[in-house]
Amino acid sequence: MLITPIICIPLFGAAITLLFYKDREVQQWTSTVVIAIHTLYTFLLTLNVFGYGSLVEYVGNWDAPIGITLIADQLSVLMLIMTSVVMLAVNIYSRIATDAKLESQGYHSVVLILLAGLSGTFVTGDLFNLYVWFEVILMSSFVLLSIKGNKEQLEGGIKYVTLNLFASLLFLCAAGLIYGLLGTLNLADLSLKVAENISDPRIHTFALMLWIAFAIKAAIFPFYSWLPSSYHTPPIAVGAIFAGLLTKVGIYSMIRVFIFVFNPLPAWIYTLLVIISIITMMSGVLGAYVQSDFRRILAFSSVSQVGFMMLGIALQNEWAMAATILFMIHHGFVKSGLFITSGICGKSVGSFYMNRLGGFLDKSPLLGILFLTLAFSLIGVPFTSGFTVKIMLLKSCIMNKEWVAIFALLVVSFMTMLYMLKIWSEVFWKKLPLDEDGKVSKSKPLETGMFIPVVIVLIFSLMIGIFGNVLSEVAIDTAKKIYDRDEYIQKVLRLNLKEGLSYTGSEK
Amino acid sequence: MVQNIFPNFNYFDITGPRIENNPLFQFVLFITACTVIYGWGYFENSSKRNYVLPLLILFGLSMAGLVIANHLLWLYFFWECTSVFSYLLIGTYYEKKESRESSLQALFITGAGGLSLLLGLLLLGEHSGSYYLSEIQLQHFNLEEPIWSTIVVLLLFGIITKSGLLPFQGWLPNAMVAPAPVSGFLHSATLVKAGVILITFLAPVFQEMPLWENSILLLAGLTAWYGAFMALLQNDLKKALAYTTSATIGLIGFASWTEAGNLVAFSWILAHGLYKSASFYFVGIIEKKYESRNILKLRKLFSIEFFDKIIGFSLFFCCIGIPFTASYYAKKHLVDFYLNLFQQNYYAFVLCTIWQSLMLINYFRILVFPYIGTRERYQAMHESAEGFQEKSVKTISIWMKVIPVVLAISSVLSTFKLSQRVTIHASDVGIWEYFTVAVYGLFTLLFFMFYRYHHFVNALGKKLYTEILWKWCYKNKLRMIEKIAIMQTNIVQNGYLRYYLTMFVVATILLLGGSIYFYSETFIRKPVTEILIYELIIVAMIIIAAFMSTITRSRMASIVSLGAVGMGCSVLYLFYSAPDLAMTQFLTDTLIVVVMALLFYDLPRYSRLSSKTDKIRDGIIACIFGGVISILVLSVTDAQIYTEVMDTMLKKTIPEARGHNVVNVILADFRAIDTLGEISVLTTAAIGMYGLLRIRTKKGGDES
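Protein chains in written order, with the numbering used here: chain A, 1 to 508; chain B, 1 to 704.
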């Protein structure tokens with residue numbers, strides 16, 4: 001099965017939508033159809049990968065490590081599923097909550113390009129190619145952020161793009177330095193060569209440099225400032241995509257490059273990362289606690305959740321890695337669902353500030369149930385996705401005897417509960433407050449159709465919780481393949497490791 | 001180590017052997033049914049019915065699950081469910097701020113306990129080698145290892161928060177903002193029992209541990225006394241009932257820590273569950289009918305219906321445990337247990353007697369006192385003189401009246417079950433009779449004292465209306481968290497881009513510079529290649545131009561110096577035989593200078609916003625960052641370990657790729673998909689720019 005379609009389908013769709021730049025109807029339908037095809041293709045790919053092992057494609061038929069290799073392994077397809085499902089949900093949302101201004105600015109084209117960038121990131125097996133997809137993501141998300149062009153959005157957009165360009169700069173430098181030292185960019189080839197020179201301090205430093213670049217993308221302390229200053233500004237559909245997918249790119253790249261290629265680094269680096277991830281969790285959760293804007297709470301909460309994922313990477317055992325993999329998927333679903341919920345509430349009242357919101361439980365009990373389930377999933381109540389991943393993290397912490405991390409995990413879960421229930425209490429329980437003139441503020445009726453995307457992501461999220469038993473095994477299997485690289489390297493370089501290294505070009 | 005810890009959806013994981021012979025399970029289902037019927041009546045003509053009743057049923061199911069759960073994580077699941085549903089139920093009147101705060105307070109405490117319990121259960125599972133309660137109960141562990149103390153502390157924290165034992169009892173009285181069916185069901189019959197029920201489950205494992213025994217005895221004992229005294233000082237019927245509940249739970253906890261006390265604990269849980277929920281429902285009736293649940297106000301009401309007096313009296317008898325009620329047998333079991341526990345230590349009996357008679361006074365004060373006597377009622381009538389009108393009594397649903405009666409009857413009927421198990425040894429030595437006589441004797445004494453001085457007691461209660469303890473426990477902690485949170489957010493997220501960028505750069509410097517410092521012998525070394533003089537000149541030119549661009553006051557000069565930096569770079573590329581690159585660099589730099597110069601016509605005047613110290617600080621940071629990157633770059637020059645990929649690319653360019661320029665072949669063939677990505681970037685940028693420009697031209701200055 002080919003892998004390139006996963007990138008080409010959305011790009012092709014983007015081209016079509018650009019052809020019909022003035023026709024919103026055609027753009028809408030094209031993007032829905034294209035995303036649906038993409039989702040379908042992803043599921044086929046997943047079946048294939050889990051059935052017959054990971055797939056490799058040599059783009060332009062140039063053998064690795066000369067050309068660029070695309071690989072779809074278990075980790076890739078899991079991420080792809082998350083991406084396409086979130087995209088589908090958001091697409092459905094934006095169909096219902098039509099925003100004419102947004103759509104007339106090329107929204108659909110850019111979203112499709114973003115999807116192509118995300119897909120490329122998750123299937124590429126080449127360091128520089130990864131950088132290119134990062135650029136695609138960066139540019140398209142910047143355009144999405146500032147597309148409506150009001151002051152608040154441009155401000156958020158400028159912060160976002162400046163700080164992320166710094167990440168790109170570091171990534172590019174690091175890629176260049178690594179290429180300068182090891183003479184290759186192919187991840188499989190790199191990991192072989194890194195393994196031969198693993199005691200070289202330069203490699204440790206370059207790995208750290210890459211880590212910083214990914215940490216900025218993933219919004220890890222102290223590199224997270226761009227996230228809370230930009231997530232709450234764009235239209236809800238865009239915010240939901242961001243919340244669901246953007247930080248995952250950083251975490252995924254960390255796993256794929258920092259862990260997969262540069263492993264094992266000296267122990268002090270991992271200790272440092274554990275500390276950083278704990279600080280990230282705490283810092284994010286404290287930030288979320290003081291916010292009064294629905295979406296900003298969610299944005300800060302993303303930071304603390306990223307801390308959990310980082311912790312899983314830093315702990316260096318299979319359970320922790322498996323937890324991080326599932327955590328990314330869980331968080332992608334839950335956070336985008338929560339963002340859409342915030343959009344439904346905010347749009348109806350016309351404000352996202354919690355002192356202006358209220359009365360949504362009486363208005364729509366279904367929305368209340370959806371929000372509460374998502375919130376408890378974020379908190380980690382049993383048989384929701386959050387519980388599965390938190391238990392796995394806790395267990396790996398117990399295995400590593402990281403008592404501080406355990407304590408931090410529990411405290412952060414507790415604080416997560418506090419701020420999520422603050423939203424519940426203010427937005428759903430409290431009566432709709434009077435506006436400045438002392439009149440009952442108007443709120444538009446809710447369209448039931450808007451709940452569909454939330455229901456979709458909720459179902460996927462609950463599946464992670466209910467089938468935690470099965471999925472944790474899948475995730476552990478995936479994690480094992482990340483630490484034990486042989487299968488990947490053999491597949492990509494088409495060599496038998498026992499016969500020694502030889503890559504003198506193709507056998508054509 | 002247990003490999004897969006996640007529970008399954010099968011019979012063994014959910015209950016396994018633990019459902020068999022489990023009286024608690026039937027008890028919970030029975031109380032659930034009663035409560036739902038009562039709630040049906042209580043919320044007649046109220047929109048809350050659709051909110052409360054489903055939650056009550058869900059809560060009942062999770063409580064039933066809790067008492068039969070086998071897998072530790074199923075246990076935790078039901079435990080959390082009870083917390084969550086109780087949060088939602090306490091907030092039944094969620095329009096009121098008080099309700100919202102009280103429910104959050106309850107979850108604040110039980111949620112914290114839940115997390116501690118989760119960790120405790122995980123550690124228990126990992127260290128005992130099994131996640132099944134039925135298996136763990138049969139095992140024996142070396143409890144002297146320090147990990148078991150940790151486990152016990154964690155578990156106990158979860159337990160005492162849930163059961164409202166001291167020092168975490170504060171949420172229970174405040175949870176009384178909930179309607180009567182919720183209070184009766186959750187906060188007397190089931191939820192608060194969850195903690196002590198868990199103690200009985202774990203008793204076989206930990207009973208030989210001094211830490212387990214002593215901490216439970218201490219906390220439970222203190223709670224029992226605290227509750228008994230505090231109840232006496234409450235004028236709110238429901239709060240007083242809540243405190244008596246708290247006291248009784250203390251008593252149950254006192255017995256439940258060892259396997260021998262299991263029977264006592266179970267019989268008390270059943271007996272207390274029946275009579276206490278009945279009392280709550282009775283208070284619910286009073287509250288509905290007379291629109292008050294304040295003892296002082298009720299005493300001034302002129303007419304109390306006969307039905308209420310009868311129910312109150314009979315419930316009082318259920319509570320104090322006259323023969324043929326469930327609590328009679330529960331008490332018998334208790335005395336039996338005490339005899340074994342304290343080895344004929346009669347001081348314990350004296351204490352027990354006093355406690356028991358205090359509780360009797362409490363029940364009297366709640367269930368009988370407000371509805372009897374006429375003197376005060378007449379006084380009240382005369383004081384308000386002619387204006388006195390008899391308040392009309394609200395009618396209530398028949399379902400509300402039925403349930404307290406049903407519960408009282410079942411309290412009698414359940415004795416058939418309880419009495420069968422009595423193996424009382426206390427009666428052999430006559431202690432039981434002594435005990436009973438002493439309790440009633442003391443009660444009579446206290447009764448007269450109370451009747452004489454009840455004004456004093458009530459006045460004292462009024463003063464204690466707002467409690468100090470729970471405020472300290474809850475509100476101040478929340479405020480503290482908030483303060484810390486605001487402080488850290490102001491530091492980390494202050495809203496200025498320049499600040500963020502500085503932070504990013506400094507953090508990068510620290511990490512990379514630290515690494516360089518750490519490995520200084522690798523990084524700080526003499527350059528391998530010789531530096532030629534013309535290279536040096538160009539490099540110096542680049543550096544000077546870079547400085548110029550930052551310090552110059554003219555915008556044009558700044559752009560031109562940036563152009564000079566680019567030109568210098570392209571000359572360097574030429575030296576190193578990269579003419580394509582040099583050409584590209586040359587072109588882009590020229591274009592940038594030209595475009596920038598054109599743009600300047602439309603930009604506002606150049607203004608200087610940063611102070612001199614800011615500039616110096618930024619300059620230093622920038623120089624260090626540049627230095628760090630330079631050291632890294634220097635460390636890889638001439639150090640390439642592998643060159644196969646480049647060599648192969650060069651070799652294949654002409655024969656296989658059929659191109660003559662390797663750079664072009666790389667861009668368009670070897671790494672064509674990179675180029676595809678870059679084209680997408682450009683397209684996106686174009687879309688974005690077009691969109692932004694269109695907004696400007698369409699709308700002019702006005703922005704929403």
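Misleading hints may appear alongside valid ones.
As the list claims (entries may be wrong) - Sample of chain A residues at the chain B side, in silico, Cβ under 7 Å:
# : residue
1 : Ser54
2 : Val56
3 : Gly60
4 : Leu177
5 : Pro201
6 : Pro266
7 : Lys480
Claimed, not checked - With the C-beta cut set under 10 Å, the calculated list includes, among others, these residues of chain A facing chain B:
#  : residue
8  : Thr98
9  : Ser104
10 : Gly117
11 : Glu135
12 : Arg202
13 : Asp486
14 : Gln490
Calculated directly from the structure, the hints in this document are not laboratory data.
The beta-carbon is built from N, C-alpha and C at its ideal position, and this holds for glycine as well.
Hint-by-hint comparison with the structure:
For the restraint placing A/Ser54 at the interface with chain B, the shortest Cβ-Cβ distance is roughly 19 Å, beyond the 7 Å limit, so the hint is violated. A hinted interface residue such as A/Val56 counts as satisfied when its beta carbon comes closer than 7 Å to some beta carbon of chain B; here the least separation is about 14 Å, so the hint is violated. Taking 7 Å as the C-beta contact cut-off toward chain B, the hint placing A/Gly60 at the interface holds, the least distance being around 5 Å. Contact between A/Leu177 and chain B, as hinted, is supported at the beta carbon level, the nearest pair being about 5 Å apart and thus within 7 Å.
A hinted interface residue such as A/Pro201 counts as satisfied when its beta carbon comes closer than 7 Å to some beta carbon of chain B; here the least separation is about 3 Å, so the hint holds. This hint is violated: A/Pro266 has a C-beta 9 Å from the nearest C-beta of chain B, more than the 7 Å allowed. Because the smallest distance between the Cβ of A/Lys480 and any Cβ of chain B comes to about 13 Å, over 7 Å, the interface hint for this residue is violated. Nearest Cβ of chain B to the Cβ of A/Thr98: about 17 Å, over the 10 Å cut. The hint is violated.
The beta carbon of A/Ser104 comes within 8 Å of a beta carbon in chain B, closer than 10 Å, and the hint placing it at the interface holds. Look at A/Gly117: its Cβ gets to within about 7 Å of chain B, closer than 10 Å, so that hint holds up. Here the hint on A/Glu135 is kept, as its CB sits about 5 Å from the closest CB of chain B, short of 10 Å. Checking A/Arg202 against chain B: minimum C-beta separation of about 5 Å stays under 10 Å; hint holds.
For A/Asp486, the suggested interface contact is broken, since its CB lies about 20 Å from the closest CB of chain B, more than 10 Å. For A/Gln490, the shortest C-beta to C-beta distance to chain B is roughly 18 Å, which exceeds 10 Å, and the interface hint is violated.
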